[in-house]
Amino acid sequence: MAKLTKNDLEKIKAKRQDDGRDWIKVGMSTCGIAAGADKVYETFVEEVKKMKLDILVKKCGCQGMCYSEPLVEVRVKGMPEVIYGKVDKEGVMKILDKHVCAKTLVKDAIYELRTKR
Amino acid sequence: MDAQIVFIKDTNGKIDLTKDFCAAFLNLLRENALEDKVQAVRIADMGIYDQGLVMKFPRENIIYANVQEKDFKEIIDKTIKSGQIIEELLFKPEPKQLRIVLRNCGEIDPESIDEYIAVDGYLALAKAVNEYKPEQVIEELKKSGLRGRGGAGFPTWLKWKLTRETPEAQKYVICNADEGDPGAYMDRGVLEGDPHSVVEGLILSGYTIGASKGYFYVRAEYPLAVERVEKALKQAYDYGFLGKNIFGSSFNFDIDIRLGAGAFVCGEETALIASIEGRRGTPRPRPPYPSVKGLWNKPTAINNVETLANIPPIILKGGAWYATIGTEKSKGTKVFALTGKVKNSGLVEVPMGITLREIVFDIGGGMLSEKPIKAIQTGGPSGGVIPKEYLDTPVDYENLQKLGSIMGSGGMIVMDEDDCMVDIAKFYLGFCVDESCGKCVPCRLGGYQMLSILNKITESQGKVEDIDKLKRIALAMQKASLCALGQTAANPVVSTLKYFEEEYRDHIINKKCRSHKCKHLLNYNVIQDKCKRCRVCVVHCPVNAINGDKDKGYFVDPKICVRCGKCFEVCKFNAIAKE
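Protein chains in written order, with this note's numbering: chain S, 1 to 117; chain F, 1 to 579.
The shape of chain F in the complex, shown without the other chains (with noise of 0.2 Å):
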């Protein structure tokens, strides 16, 4: 069957959506009596938002965006017809996504190494084994410019020219996978979509910095990552691309697994090595770095996933390609992990320099729900909140910086009015101060202190001069901690205050909260004019707290209230207020 087929999408925001656009096409198609030779198709999703009624044409290959219903006709006798363009209707979507690391996820078999093979799989390992001088891979990353994707965004190229520069017989090299920042999983993506570009990276790695032996770093919480690491393994084994003699060459490399027991200070560097040896996972002073002195005191060059998903493509199209995308100072691509209140979460790589705009908005498909954006957190626990006057900052190591926030390992995470940025704050300085393994002061006790300062803000107990407290505890773990883990973990609280300062001076004078988040300075009240005396409540809370009758109406007694929140749940009249 040859029909021609016609690509509907009318989900859109701006549509009238009263009407069913795709009906009176079809309709339409009818009356020319065209319905046996066009399909006309409704489709969920296409990438396109914000841009009215859309429309495809595969066999043309073009859309049309914001049509109206009055071009239907124009639509069947051009375009239909007889393959006419109307320009005017005419849209160009950009690209706005760019897959370098992603390349393979999605579209090979992650445990067929034959797959990945045939998508020029350990090509860059072959030609580089073979053609390459060790210097000549470091020639091509300084080319390149790719930097650390892990957070800090340390030049590849110099970590692994300093490894190899110094002088000693065995030398290590790690992949460390032990993703932890809440809500951020780019690296389960690619090793669970493309474990062999990450081997491959691996490989390189040992060949250019001299080691014999590598290990993947994975944490135990990813079980189908670590099982499509080890079919990796040894399918890479079984085609002497690991083992002895790899290529014919010289090069000898082997790779082991070892897994994390799902501490998040593990991610830091010293501590990974300390808990590879065997030892309790805590960090060391630096210097010596790991370039020197790493696992089992040789030196050790560590990378992160998505930074060894990025090896192979420099060297198979030149760190110049690698180059050309990107901004100045930070180049190629980065993949994030967009949740929260944005319509389509999910992973997106896109090139270094897109604004945080254009990545909630034309790729994430906007805002959940009606309400509008108010911050976007980057970089996890060791990030900080970007509000939304910022949108338009283009996304690169430094910008995200100088907001007061990181890159980070790429967690994106999308909030909106809904969302108390106290509450935001607690949660992440929470969670590090869980995962704080409390070798040294700052980080133990300040974060405890912290937190303790932001529960009694977030339970009405709050003073003002807590606000300075928080600031000089903070600067106290920014310049004192030991390891990353500490020096960042005020970073939530800094940046929080930094934006939205006046929201913690209403937790703590007015004993508001503007998002309704925290339930201490919540009040549930009965709207009398619209409760209908149903008595749902009454029967529904848990604590008895609301009192009265049928004739006097019905009160919640704030003493008893444990803003459980379960009235307002159960109101069918919405005629409980939140405040």
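If we strip away everything but chain S, and leave its shape as in the complex, we get (with noise of 0.2 Å):
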């Protein structure tokens, strides 16, 4: 691949630029992978294909909180950013029913709320 310079550098963050899409991230860090993130990931991933979800499910890294892996994040237009922990196969389904499609949060699992972004 070409060597790339500043512009490009500025391109290619233009087309990451956030698009306004909703997301679901899963903390993937070993903290995570340890306390069942990857479980987690997968079964977000078939569950949103079966459901026919317009929503992405993406990875990230350690958030810090690693007493209530595994995390969750969710990001849905007209809600507010909250992250789910301790987050099992069953609170998958309750986030995928609940938060992404009848719009309403999903009660004793939110360990922390987002503020800016």
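By construction, these hints were calculated from the structure, which means they are not laboratory data. You may find that some hints are simply not true.
Claimed, not checked - For lysine-lysine, the following DSSO-like pairs were computed, each having C-alpha atoms within a straight-line distance of at most 30 Å:
| id | chain 1 | residue 1 | chain 2 | residue 2 |
| --- | --- | --- | --- | --- |
| 1 | S | 11 | S | 58 |
| 2 | S | 94 | F | 343 |
| 3 | F | 231 | S | 15 |
| 4 | F | 317 | F | 143 |
| 5 | S | 6 | F | 234 |
| 6 | S | 98 | F | 78 |
| 7 | S | 86 | F | 371 |
| 8 | S | 94 | S | 107 |
| 9 | F | 133 | S | 13 |
| 10 | F | 37 | S | 107 |
| 11 | F | 78 | S | 11 |
| 12 | S | 98 | F | 19 |
| 13 | S | 86 | F | 343 |
| 14 | F | 81 | S | 107 |
| 15 | F | 213 | S | 6 |
| 16 | S | 107 | F | 96 |
| 17 | F | 231 | S | 6 |
| 18 | F | 244 | S | 13 |
| 19 | F | 37 | S | 94 |
Please dock the two separately framed chains into a single complex, following the hints provided.
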């Protein structure tokens, strides 16, 4: 591949800019994986496909709150951005059914509220 | 659906847990016929502790704390119905954490270089290579006041300057990712969550020093980190951030990965160099320092993962910006791995100068159990314990050193009354004895001797003069060992002796361990008043040490008992005493 210049960086950045799509982000560092994040990620990918939802499933690193792994951050338009903690298979279904489809937050599962971005 | 959302957190310690505040609030909403318009969500955590019942209103972006049930009506009438703010309840939390090193961890996909570029990744490199001379980079670093995050706190700009000024055609840079302290995983968090920022930092250090080759020394125990760094390097090569003529300049740079085979001493820079050269990982005397004679006798700059991850933001935002954070002598932020008996264990990044109390209670959410805090261990096996009296000390390099501990790489272990300080000292010393390379005598023999004295003390064989002996050997190790491992191996013993000598004396003179940790100093007894004669302990005792019958009651024979604690565990009536 050709050498990139500073302008190319800007181009990649522009292309990657937030397109406003909804997403689900699963923390996939060792702390998360040890708590079962890989299963959670797989389940999300499978279920989103099965339910034909228009939402991205992404991976990310450690959020820092290792005590409540696996952590799942959800952004759905019109809803506050929240991070769900200690998510298991059942939690995945709850997040998809309630948060993503019915647009109501799941109780007793939120571990952090996003303020900025 | 545009229901207004109210977050409720009702799990704080101060709250009367017999009441269901959430249900009460919901009932009141229903009475006001608001249940369709307002969505009350009970949440598990939101980073505010010890403030009673907390409610957050995202629409107004306000937080009420210490809310009482009698306030509900006013909240519904004013805030929910008409958006008015009730000043008396208002709570404005100050963000305690500041994320510079962990800025992208948990935000971006660590395996995608594009996502890193989207958050201004590699922009610092482009800026430095095209606009800055290496001297200017050093100047920015000097302004920033960044000090090495590996433990010793050596000024990074000086290290780079010295390496740069050594006249030699070939120079090297190394990223030290051989993080081995028990209970510390900051570097792993960064490498797994944001490997590109470390790669960029390493390339920048290569550019500044005039090196054409860099090494990542990662411990093999971090397979995921290794995998992600490998991926990051490949992507960086594909985009031309590594290789020849980076960003169209004349700067060429390559990075290779070397895996550490699990020796703790290889985190020491001269041992690390030996290991990369393919020799046995043992340290050598300094000077000459690696900045003069390092890898293959060429000038080499070795930096810790966290130090390197700090470089790109400093270049982008300027050293002056970085210097506004932190204390007079310790600038910037530090990542700590907060573990032990604390509610929220995890990675925290805080500005220097924050107090230990804020870290444990405001960020960590307080103690795990009801037991009060006893001490905090920082700096791993090279550090020491800080007793609870010093919890309000601002955290920086100098203050921690004054207290007899060190900043270290950033392990922070919270301990409560259940932790025996002699046992803790024994654990850390045991770790260093295991990991001692054996090259120099003070470390090899001193560590072993100290450990056997500690073993004697915890096995009720200790003598009062042992305390002086421990202090003498510790001093010899600190003064005469070859490398930092030996020089600091005695620190856990020295610092526990400094603050908890009473506990050592208790072990030696009274043969008692007040934390009930040292099992040779423990006795299990049946409390006859509580005993229901159910015989569960008798059945479970592996050595048949519990004798007696239904009429006379049961007794533990201390001569047979092996202090396994099984009887204590199985008794349903708390009728076994541990003393």
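Here is how each hint holds up against the structure:
{"no.": "1", "hint": "S:11 x S:58", "verdict": "22 Å, holds"}
{"no.": "2", "hint": "S:94 x F:343", "verdict": "26 Å, holds"}
{"no.": "3", "hint": "F:231 x S:15", "verdict": "21 Å, holds"}
{"no.": "4", "hint": "F:317 x F:143", "verdict": "12 Å, holds"}
{"no.": "5", "hint": "S:6 x F:234", "verdict": "19 Å, holds"}
{"no.": "6", "hint": "S:98 x F:78", "verdict": "29 Å, holds"}
{"no.": "7", "hint": "S:86 x F:371", "verdict": "25 Å, holds"}
{"no.": "8", "hint": "S:94 x S:107", "verdict": "10 Å, holds"}
{"no.": "9", "hint": "F:133 x S:13", "verdict": "26 Å, holds"}
{"no.": "10", "hint": "F:37 x S:107", "verdict": "17 Å, holds"}
{"no.": "11", "hint": "F:78 x S:11", "verdict": "48 Å, violated"}
{"no.": "12", "hint": "S:98 x F:19", "verdict": "27 Å, holds"}
{"no.": "13", "hint": "S:86 x F:343", "verdict": "14 Å, holds"}
{"no.": "14", "hint": "F:81 x S:107", "verdict": "23 Å, holds"}
{"no.": "15", "hint": "F:213 x S:6", "verdict": "23 Å, holds"}
{"no.": "16", "hint": "S:107 x F:96", "verdict": "26 Å, holds"}
{"no.": "17", "hint": "F:231 x S:6", "verdict": "22 Å, holds"}
{"no.": "18", "hint": "F:244 x S:13", "verdict": "23 Å, holds"}
{"no.": "19", "hint": "F:37 x S:94", "verdict": "21 Å, holds"}
Figure legend: structure checked against the earlier numbered hints; the only hint not met is number 11.
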